[in-house]
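Trainee: Assemble chain B onto chain A, guided by the hints.
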Amino acid sequence: MLPALKLRSLGVTLILWAAGLGVLWLLARQLDLSGMLRTYGGDIAHLVKQHLALAALSGGLAIATGVPLGIVLSRQSVARLSEAGMQFLNIGATIPTLAILALSMSWLGIGTQPAVFALWAVTLLPIVRNTIAGLRGVEPYLIEAGRGMGMTPLQLLIQVELPNALYVILAGVRTALAINVGTVPLAFLIGGGGLGELIFTGIDLNEPTMMLAGALPTAGLAVIVDFSVSLIAYYLVPRGVNPQR
Amino acid sequence: MIKLEQLTKVFNTPTRQVVAADRINMEVATGEICVLLGPSGCGKTTTLKMVNRIVTPTSGKVLIDGQDTTDMPTVELRRKIGYVIQQVGLFPNMTIEENVCVVPRLLGWDMTRARKRAAELLEMMALDPTTFLKRYPKELSGGQQQRVGVARALAADPPVMLMDEPFGAIDPINRATIQDEFLKLQKQLQKTILFVSHDIDEAVKMGSKIAIFSAGKLEQFDTPDNVLAHPAQPFIADFVGADRTLKRLGLIRVAEAMAAGAPSASADTDIARAKAMMREYGAGYLVVTSPGGKPEGFIHSGSDESSGGLCRDRCMRIAACVPATADLRAAVSKMFENNVEWLACVDEEGRYVGTLDQRTVTHLLGMTYAAQLKA
Numbered sequence: 001m002l003p004a005l006k007l008r009s010l011g012v013t014l015i016l017w018a019a020g021l022g023v024l025w026l027l028a029r030q031l032d033l034s035g036m037l038r039t040y041g042g043d044i045a046h047l048v049k050q051h052l053a054l055a056a057l058s059g060g061l062a063i064a065t066g067v068p069l070g071i072v073l074s075r076q077s078v079a080r081l082s083e084a085g086m087q088f089l090n091i092g093a094t095i096p097t098l099a100i101l102a103l104s105m106s107w108l109g110i111g112t113q114p115a116v117f118a119l120w121a122v123t124l125l126p127i128v129r130n131t132i133a134g135l136r137g138v139e140p141y142l143i144e145a146g147r148g149m150g151m152t153p154l155q156l157l158i159q160v161e162l163p164n165a166l167y168v169i170l171a172g173v174r175t176a177l178a179i180n181v182g183t184v185p186l187a188f189l190i191g192g193g194g195l196g197e198l199i200f201t202g203i204d205l206n207e208p209t210m211m212l213a214g215a216l217p218t219a220g221l222a223v224i225v226d227f228s229v230s231l232i233a234y235y236l237v238p239r240g241v242n243p244q245r
Numbered sequence: 246m247i248k249l250e251q252l253t254k255v256f257n258t259p260t261r262q263v264v265a266a267d268r269i270n271m272e273v274a275t276g277e278i279c280v281l282l283g284p285s286g287c288g289k290t291t292t293l294k295m296v297n298r299i300v301t302p303t304s305g306k307v308l309i310d311g312q313d314t315t316d317m318p319t320v321e322l323r324r325k326i327g328y329v330i331q332q333v334g335l336f337p338n339m340t341i342e343e344n345v346c347v348v349p350r351l352l353g354w355d356m357t358r359a360r361k362r363a364a365e366l367l368e369m370m371a372l373d374p375t376t377f378l379k380r381y382p383k384e385l386s387g388g389q390q391q392r393v394g395v396a397r398a399l400a401a402d403p404p405v406m407l408m409d410e411p412f413g414a415i416d417p418i419n420r421a422t423i424q425d426e427f428l429k430l431q432k433q434l435q436k437t438i439l440f441v442s443h444d445i446d447e448a449v450k451m452g453s454k455i456a457i458f459s460a461g462k463l464e465q466f467d468t469p470d471n472v473l474a475h476p477a478q479p480f481i482a483d484f485v486g487a488d489r490t491l492k493r494l495g496l497i498r499v500a501e502a503m504a505a506g507a508p509s510a511s512a513d514t515d516i517a518r519a520k521a522m523m524r525e526y527g528a529g530y531l532v533v534t535s536p537g538g539k540p541e542g543f544i545h546s547g548s549d550e551s552s553g554g555l556c557r558d559r560c561m562r563i564a565a566c567v568p569a570t571a572d573l574r575a576a577v578s579k580m581f582e583n584n585v586e587w588l589a590c591v592d593e594e595g596r597y598v599g600t601l602d603q604r605t606v607t608h609l610l611g612m613t614y615a616a617q618l619k620a
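From first to last, the protein sequence lines stand for chains A and B. Per the numbering used here, residue 1 is the first one in the first sequence, and the count goes up by one each step. Per the numbering used here, residue 246 is the first one in the second sequence, and the count goes up by one each step.
The set of hints was computed from the structure by calculation and includes no laboratory data. Just so it is clear, CB atoms sit at the ideal spot from N, CA and C, and this is done for glycine as well. Be aware that one or more of the hints could be misleading.
[Stated by the list, open to error] Going by beta-carbon spacing under 8 Å, a handful of chain B positions derived as facing chain A:
id : residue
1  : I299
2  : R324
3  : F336
[To be verified] Some chain A residues flagged as far from chain B (calculated, every beta-carbon gap over 10 Å):
id : residue
4  : T39
5  : G42
6  : A64
For reference, chain A alone in the conformation it holds in the complex:
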């Protein structure tokens, strides 16, 4: 891509960021931010760690299972199975997150385990879907060229298919993780911990400051995760197939 275009897209990103931070700053001005930190600072620090642990564990598991699943479902030999598999995942995605939490609690009890399972289930679909879309989007003639040159199916997957699908796959991961971090507060409802503790308790006690002490870090974390993944994608996707470079 031309340097001018790169600069422009960078400029747009910066402007959006500045706008977002501005809104946060305005919100914070309405609040007694230092008072909030004094009262809830310890809780926030502790809960952010818990929150991130939940997100990392469930998100990591979702990537570790979603990408291989997407690879399997994108193979020509399982074309029939892949339709059924995608249907299953799509139906799964229509179940509200709260319902999934409730279901996983009825099965796994309360605590971290059911929370991680539910978050994993919510995060899985975008990753699988984008992995399949990315791999199917690889031009058939590239695959033919690779086969014709004598690559084994595994070599073809690693050297040609995955690198060319990586941008789309990572876009799925980015969406999935942002959703994941934003959904973690619900884990509190089944005893999973996380910033949901401040949010829901704040709501119950009609204590807006407490609620915001949970909500603001959650929003911040979602933005940071989204940005980090896009940064990783920027450097991880080879320059030849990276529309941003």
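Mentor: Leaving out everything else, chain B in the frame of chain A:
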């Protein structure tokens, strides 16, 4: 050498069986380019792809250098065959260097050797290695990409190459250039090549042999000149075009057709002597050359010799010269362009080497038909 024996491919569709290649037999000698030619859907690409088993043959054999490839592991077989496709198929995620190194790496070469080979090949393809090795395919023009595609196929120096309409996606001007470059390269490399095309002009230019396909059958397998001069069937005659005899002109070099021994005079030659030379040789004209051997003009048999004098006094301008390395198509075109019946032929330095006249050309093209009539 590539040999196809009774090679057959039948595709099973839900409604019927389609015979894409029907008992194809042919043999391409080492160092030859065999062009598989025909309309789309005729089976030429299927036949090509059965050689590296992108398409699995239903029956029949492919032999490479006498060795039956049927039992060879597919992956191993493919690494020994250079493969160029129409869409080029450079991997966009890899640099040019990485692309060219793919097969050497698959074969387990160490990186230094593979890199060295890549640089060498780009050099061969008239692409500057320092500029191009680290670039990505999207940063190259179509013609440059196709050159890299050929370089990649040549990387492990395979004895056999399969080229599926390799220059089909390039604009006509660049195509002609890249064809010429490739032919020049092939002269040194002497690969055995199967080359799919649907363009008769490309086939005539590139092929040492042409295989014409129709509806899955190999209909004619012959030299380009024979395909053009003696199409085996009316459909082939149609396919190669009503101007097929003119296309044959492209197959003959001026040097092969010209009268190399035609005498010449210098500006200082006496006109009477020049006319005697002309009569002796039996031509109606005589080229007058400069001291450096370049054609300067000519005198013709109607020149008046009674008043004596030297050639320079009667010398007429030569309308056009043609390089001896050009093909007859260019030469005849020049004749028509200048409204003349003969041309002076020159070598690379522009020195006179002989003459080419229209009668010779006509006779040369007609010879093959006369032989047929006699037989």
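Trainee: Going by Cβ atoms, does A:G42 stay more than 10 Å from chain B at every point?
Mentor: holds, 48 Å
Trainee: Does the no-contact call for A:A64 survive, Cβ to all of chain B over 10 Å?
Mentor: holds, 23 Å
Trainee: Does the nearest C-beta of chain A fall within a distance shorter than 8 Å of the C-beta of B:I299?
Mentor: holds, 6 Å
Trainee: Against chain A, run the beta carbon of B:F336 and see if the smallest gap drops under 8 Å.
Mentor: holds, 6 Å
Trainee: Against chain B, does A:T39 hold up as non-interface, every C-beta pair farther apart than 10 Å?
Mentor: holds, 52 Å
Trainee: Could you check if B:R324 really has its C-beta closer than 8 Å to a C-beta on chain A?
Mentor: holds, 4 Å
Hint violations for this structure: none, all hints satisfied.
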